[in-house]
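Which chain is which? The protein sequence lines are A and B, in order.
No gaps in the numbering here: position 186 of the first sequence is 186 in the working numbering, and each next residue is one more.
No gaps in the numbering here: position 41 of the second sequence is 1041 in the working numbering, and each next residue is one more.
Honestly, the hints are just simulated from the structure, not real lab data.
Ideal Cβ positions, reconstructed from N, Cα and C, are used throughout, including at glycine.
Check before you lean on any hint, since a few could be wrong.
Said to hold, decoys possible - Partner residues aside, some chain A positions facing chain B, computed with beta carbon under 7 angstroms:
#, residue
1, Gly27
2, Ile48
3, Val76
4, Arg77
5, Phe84
6, Phe101
7, Tyr106
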Amino acid sequence: MIEIQGLHKSFGTNRVLQGLDLSVRKGETLAVIGQSGSGKSILIKHMIGLMRPDQGRISIDGVDICCLSERELYAVRRKFGLLFQAAALFDSLTVAENVRFGLERYQDYPPDRIREIVLESLAKVGLRDVEDLMPYELSGGMKKRVGLARAIAYGPEIMLYDEPSTGIDPIRADAINDLILRMQQEMNVTSVVITHDMTSAYKVADRLAMLYNGKIVQIGAPDEIRNSANPIVQQFIHGQAAGPIKDY
Amino acid sequence: MASESKPFPFSTLFSQVGQVGLLFGRATAGLFRKPFEKENFLQQLEDIGVRSLPVVSLTAAFGGLVFGLQTYIGFHRFIGPGSEAYGGPVISLGLTKELIPILVGLMITGRVGSAMAAEIGTMKITEQIDALYSLGADPVRYLVTPRLLASVIMMPILVLYGDIIGIACGYIYNVMMGVNQHIYLKNTLLYLEFWDVVTGLIKAAVFGGVIAVIGCWQGLEARGGAEGVGRAATRAVVVASIGVLILNFFLSKALPADLVL
Ligand SMILES: Nc1ncnc2c1ncn2[C@@H]1O[C@H](COP(=O)(O)OP(=O)(O)OP(=O)(O)O)[C@@H](O)[C@H]1O
Ligand SMILES: [Mg+2]
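Same shape as in the complex, but just chain A (with noise of 0.2 angstroms):
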C-alpha cells in the first residue's frame, strides 16, 4: 500500500526527516504521533507526492512516486484525500464550491449527483445551511470539517488526516473519530491520522507509530504502544515534561 524507506528531508540545516521507514498497510488506521515540528506534516506531504524527498523511496499500490510526472502523479493523487492541518481552503471560494472542487475533478457525476454528494459530505461531518457562506465567515473547528467534507466527497481510497480533531470541540472531536471508523468499516478506506489526542489515537488507530528524531522510533498495536519499554515513548504518551526527550 504505503511503503517508506529510507526518506530523508532537510530545509536548509534543519534535517526533518533523516532515513525514515514506514508502511502502511490496505485497510488499516495508523495514527502517527510525534513532537509538534517532528515531520509528521511533512512525512503526509510526501506520501501525496506534494514534497520530494532529498533521499529515499516512496511506493504507493507498488508505484514509485519518487520520479513521476505531474500528470502521472495525478492519477496517484486521485487516490488519496488530504486534509489539512489548517484546512488550507480556497478562501475565494463558497463552501459548496469548496467540497465540490475534487468531486468535480476526479469524477463523472451529473450536476445534480455532485449537488447531492457536496451535501452528503457536509451532513457526515455535522455540518447544515453552510454551502453559500465563504471561508472567512466560518470558524476555525467549522473551516477544518469543510476541509474534511471536500476530502471526503470523491470517495478516495486512502485518508491522511493532518490533526482532524485540533480546534473541533470534544463532542465534535469523538463525531470525526467516529466519521474515521466508519470510512473504514463501511468502505475499506486505509487512513493515516496524525494526532496529538491520545483518546483519539488508541480509540481509531489498528497501529501507531511515533515519529521521534526523523525516524519512526517504534510502531505498534495500540496496547504494544501502551506497555512500550522504550522511555521516549513512555515520556511522549504520559505527556511528562521529565524523561529522555529533552529539546521541547
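Following the hints, put chain B with the ligands in place on chain A, whose structure we already have.
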C-alpha cells in the same frame, strides 16, 4: 517544489529567466488541455479589463493632453504660428505607437501584476496551492493560464480604448488653443496609418503576457508570511515594469515603421 538552495547571483538571473520561460510554456500548453477554467477566465477578463477602465481613462486623457501641449509649443516655436495644426499626426503617432502602450502597460502592471502576485502568493503560503494539487487541479492551468489569456486579450483592448481617449484629448487641447480643427483632423486622418495603431496593439499583447506571467511567477515563488507576499507583489511590479520598458524598445526596433504589403 522549487529547490531551497541559493545559487550565485549571475546564475540566479539565468535560472529565473528560465523559470519565467518555463511557466509561460506550461501556461500556454494549459490552453490546449481540458478542462478550460472558464469561470476563472471570465473573472479575470472583468478584473483586468473592465475594472481597469477608470485608471486607463485617466492616464490616457492626461497623456494625450500633455503630449498635445508640448507638440503645440514645439510647432509654434520652431515652425511658426499657424503650423500647429500639423501636430495632429505627430501626436497620434506618438500616442498610438509609444506613449499609450507604455502608460497603460505600467498602470496595468501596478494594478493587475501586483494583485496576481499577492493573490497567488497568499494561496501559496496558506497551502491552497498544495490543496489544488491534492484535489487534482494543476495550479498552472487553474490559475496562470486564465490570467495569461485574459491579460493578452485585454491589454490590446485597453490600449485601443486609451488611443481613442488620448488622441481625442490631444485634439481637444489644440482646438482650445485656437488651432484650425479642420486641418488638424484632415492631417491626422491622412498621415496616421492603421499599421501605427496595430503596432501599439501588438506591443500591448506582449506586455499583457509579460505582466501576467511575472505576476503569477512571483506569487508561486512566494515564501514565508505576509512579508513574503508583500515582497512578491513589489517584485512583480518592479520586474514587470522594467520588462515592459526594455521590451518596448526592442519591439519598436523590430516592428517595421511602415507595413509594405
Ligand atoms: N516549507 C518549509 N520550509 C522550511 N522548513 C519547514 C517547512 N515546512 C516545515 N518545515 C520545518 O520542518 C519541521 C517539521 O514540520 P512539520 O510541519 O512536519 O511538523 P509537525 O510534526 O507537523 O508539527 P505540528 O505537530 O506542530 O504540526 C519543522 O521544524 C519546520 O520548521
Ligand atoms: Mg503538522
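Outcome of the hint check:
no. : hint   : verdict
1   : Gly27  : violated (21 angstroms)
2   : Ile48  : holds (6 angstroms)
3   : Val76  : violated (11 angstroms)
4   : Arg77  : holds (6 angstroms)
5   : Phe84  : holds (5 angstroms)
6   : Phe101 : holds (5 angstroms)
7   : Tyr106 : holds (5 angstroms)
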